[in-house]
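Read top to bottom, the protein sequences are chains B and S.
Going by the working numbering, the letters in the first sequence line up with residues -17 to 287, in that order.
Going by the working numbering, the letters in the second sequence line up with residues 18 to 466, in that order.
Do not take every clue at face value.
Below, in silico cross-link-like pairs of lysine-lysine (DSSO-like), each with a Cα-Cα straight-line distance of 27 Å or less [to be verified]: (1) S/Lys322 - B/Lys124; (2) S/Lys74 - S/Lys96; (3) S/Lys223 - B/Lys124.
Read the hints as simulated data drawn from the structure, not as lab findings.
Quick caveat, the model's predicted, so the values are computed rather than measured.
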Amino acid sequence: MTTASKLNRLTPYFFLAPAVLLLIVALLYPIGYMIYASFLDWRPSQYISEAEFVGFRNYINLWNDEAFRESFGVTLKFAAVVVTLEMALGVGLALLLDRNLRGMAALRTIFILPMMIAPIVVGLMWRYMYHPTVGIFNRTLKNWGLEPIPWLSDGTWSFIAVVIADVWQWTPFIFILSLAALQSLPQSALEAAELDGASGWQKIWHIKLPLMMPVLIVALLLRLIDAFKVLEVVLVMTNGGPGLSTEILSLRIFRTAQEFQELGVAAAMSNYLLILLMLLTTIMFVYNKAVENRAARLRAAAQET
Amino acid sequence: MLKSLNATFVATTMLVATATTTIAWADGHSKGPYDDYKGQTVTAIFPAHPHYNAVMKVLPEFTKETGIKVEVDQLQYLKLREKSTLELTKRQGDYDLMSYVVFSKADYVFADQLENLARFFMNPKLADPKYDADDLIDGYVQNIGVAGGKKGYLPGPTGSLFGIPFGSETSVLAYRKDIFEKHGIEVPKTYDALLKVACQIPEVEKGMGGMASRAASGHQASHAFLLHLAPLGGRVFDDEWNPIINNEAGVKAANALKTIVDCGPEGATTFGPAEAAASFSQGTSAMFMDSIAFAAGFEDPSKSKVAGKVGYALHPEGVRRGSQTGGFGVGIPRNAKNKEAAFLLMQWLTSKKGDLMVAMQGGNPSRFSTYENADLNAKYPYSATFGEALKYADPDWRPIIPTWGKINADIGTSMSKVLTEGLDPKEALDGVAERAKKIMDEAGYYTWK
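Extracted from the complex, chain S is given alone in its bound form:
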């Protein structure tokens, strides 16, 4: 009797133990990737920018799906840069996920303030095997996400990933289909054709400028010049940091900008991006070559007089194709509190599903597949052209180095003098090269020479 009771007890104990183990095993292995982070709050800092306005609309979906809450500080871009820079110097930061503008990559990585994302993508509990990083627009990833490779700011065998492009932009040519058709003008595919058409328009359409471009002194004039420098075969520095901005390609780019501004709308030398876009959307210019981010505004009849009349084409080819890369990326600060939950949010937002959701709300896609999506193309018919343009996105059209701010400003004021004071482009660029060499020398770029 006792024996049989003992046997029953042993059998029951074993059964309970086995059941408990099975449940525990099953529990440990069937947990979803978000379960451990349910109830946590990710605090993010985003810019006040159309892309991030779209992001705000899809964030509730992330919380619903994962149980992770998100709090966002949305600040004007310059304020964001200032606040992020201060936040990153604190021992414990307030933000878990940070949006940064492309220039900041150099500062933050150099100061060791951004997490290397390898350790998250290596973690099987965090990294989604279906993430498909090959689908991310490589020009953007190289420009905004990677550092430590070639020239320090590009990919290469020594490079690592510090951020994912999110809210990034490239350049396309927007043109007035009706005006081009009316005068039998072909959409320019090369720089020669572009410059010819830019000066032909004011002759055939009285009161209309050829192309609206940024040209205001400082960053805007520099941006406009660099936009032409890369496709015309130029670079600011060679591989050993010697300024080559004043070579033949540089002079060609400066002359191209001067031609565009001279044949542009009235007051073009004072234009920033908003004024140039306004000139195009109000019908005083026939072309506009700048960021894809402006397209949504051109197609909005409440803001634009040219809605439905705009065609989009690739940035024309010079000696090579090369459209700009810029805008924002997202990274995880080294001093963040909830890094893993922040990674999950970053991964979700830049996944195929998240990227498409944001794009459908008016954001800028970070993936080639999003640009190919039929629903997106039905909503925004220019998407396919933008996707094609991104194949030629040049991650090295301007250097991303800590000394860039000063050199950029110098290029901008020198270009402004070319445009408004008749300074000779070669003389202006020689001056820039000489000063850039000094700045680079002081910053230690010639230490190994």
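Just chain B, with the same shape it has in the complex:
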């Protein structure tokens, strides 16, 4: 290869280099900063350069911190419950509303309204609806002669209350993605199934769901990431209480930085969350690859018929 052709081959890289460098700096610098901070005993009243380097102390201490462990448990439980409910309801609604009836377009728009509201407003709205005396739920229960529910003043009920608010807001997200996936399914596969005499349920289990799976996995992943990071709704509704019953990890991180002024510890907590989410994402992507291959085979089979 001549020098001129070598130079020609490298020219695009020279032109791209500044943009790529900028992108790497913009993306990785804050993450690098957080990783570095997690090894420090750093208070907001200090420059980062003045903070003491403590190695892995923040990471080790966290596992001896009962409140952190409890908060981690609450986060796992919360993410598992809300994502399962949202997936079931979102996909179910999409299957139900995937038909061309009059007024269906308006109904679909109404269903996606909750996700357009700012989470802080959602938190406030539900907090007042759960109010022990003037809230709509307890007033209705009282009017029916029933005992009021301690929505936000009991650990178990508080957790349920927060789950309901999250499910209310984010089920529509799964719903619109599922609906889009359903509407792009190859009609030939469904028609073939019908010709073979498949029932409604059989079509759902054996055709629709497997073909939707790649989209559903992405939706599940996005919701899982979000559920692990939820903050505003819980902050406004319960502020983590009663006790630590709704103290999800993001709230614990926020309090550690803001109230306890331990920036290094907060950074270490964030890194634990980051590692967990990276693990989940990797597993999901590997699984998604397998599912996509299966869906592609199904589509190919459908086209052959």
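With chain B's structure known, arrange chain S on it following the hints.
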């Protein structure tokens, strides 16, 4: 002829020189304290708080009197804390005068970010001899202004003044005069009586809670617990930083809080200060024991259903009297640009005249004399009771140390578990003590043991 001309010239020169010197002398010594700072601008950071809303109304008067201009950034309290913390780490800050919440005293003084006010009060050109510092509410000064003495955050032979209380608060008992009169209930003066009345009210007034209290998990539950701990004889730490929160007095305070919440209005375990105050002002609770800052709202008929029906009494006595101290103070950042003008503003605002002006606009007085003022008492009839309560203001009802945020949160979540999950108070406080000991150890409080 020449001689006489010379004599006239010498005489005239001497006269002019004498006159010039006299004028210069007179000029140098008759200058007012504000003249050198006329035209300067003091930039202040204040919280969005009723006291500072009142301050905003009197600031034009300061500018008119002194010629010093004032620019204010008024921020929501948490934002203020965040912004101030960042500002103080800069080499040259944007603010000359800074309002800080009491907890921040520990952080700012420890990081050497606030000016020691001695050098201003020692400067005869700046310090007003009529300032009368003895009139400042000493409980507030000790709690908010002084650091470096006993336990590091209290006064003592090694302590110094870093701020002046401004927008500070104590606790009083607000009660429904009409309900108490209707059932012949006496205003509780002791804790035993308070707890008895708190549970008597729901029995005699259907649907009404005894006392509205903060109780929400975290800071609110901790605040409520500590409010009872001091008068019942307890402290969080002894003088050597050993946690003693789990002693008999601590358990008594936790039980007192539980009784109050159990006999309180519906949903009391979720109350922050605003919800508790709303419960009282909307007539669903007969008592409210918290900051004096809420009184103005209770007496405002547009916001309160109980305006004119509220009586105010001292925080009841346990084994001792001890009402809370908290709220805000003002200090001068080390990195401020116009420190002397900032001091003049701080001194003017907290002077007898300034304090009264702010109080008349609805602010919280920092001086005993303001509470005794006839005009103020005519406008706010509860002022005399508040002034009396401040004689018992306890500057040490909670520690002001850098590790407090974490310990405070732990007390709060543990108390919340006592109130909502039936956790045994002794077990909860033993846990708090054990964890607090570890936190204090890590922070080096046992280095000298």
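Between S/Lys74 and S/Lys96, does the CA-CA distance stay at or below 27 Å? holds (22 Å)
Quickly compare the C-alpha distance for S/Lys322 and B/Lys124 to 27 Å and report which way the hint goes. holds (24 Å)
Compare the distance between the alpha carbons of S/Lys223 and B/Lys124 with 27 Å, and conclude whether the hinted pair is satisfied. holds (16 Å)
In this structure, none of the earlier numbered hints is contradicted; all agree with it.
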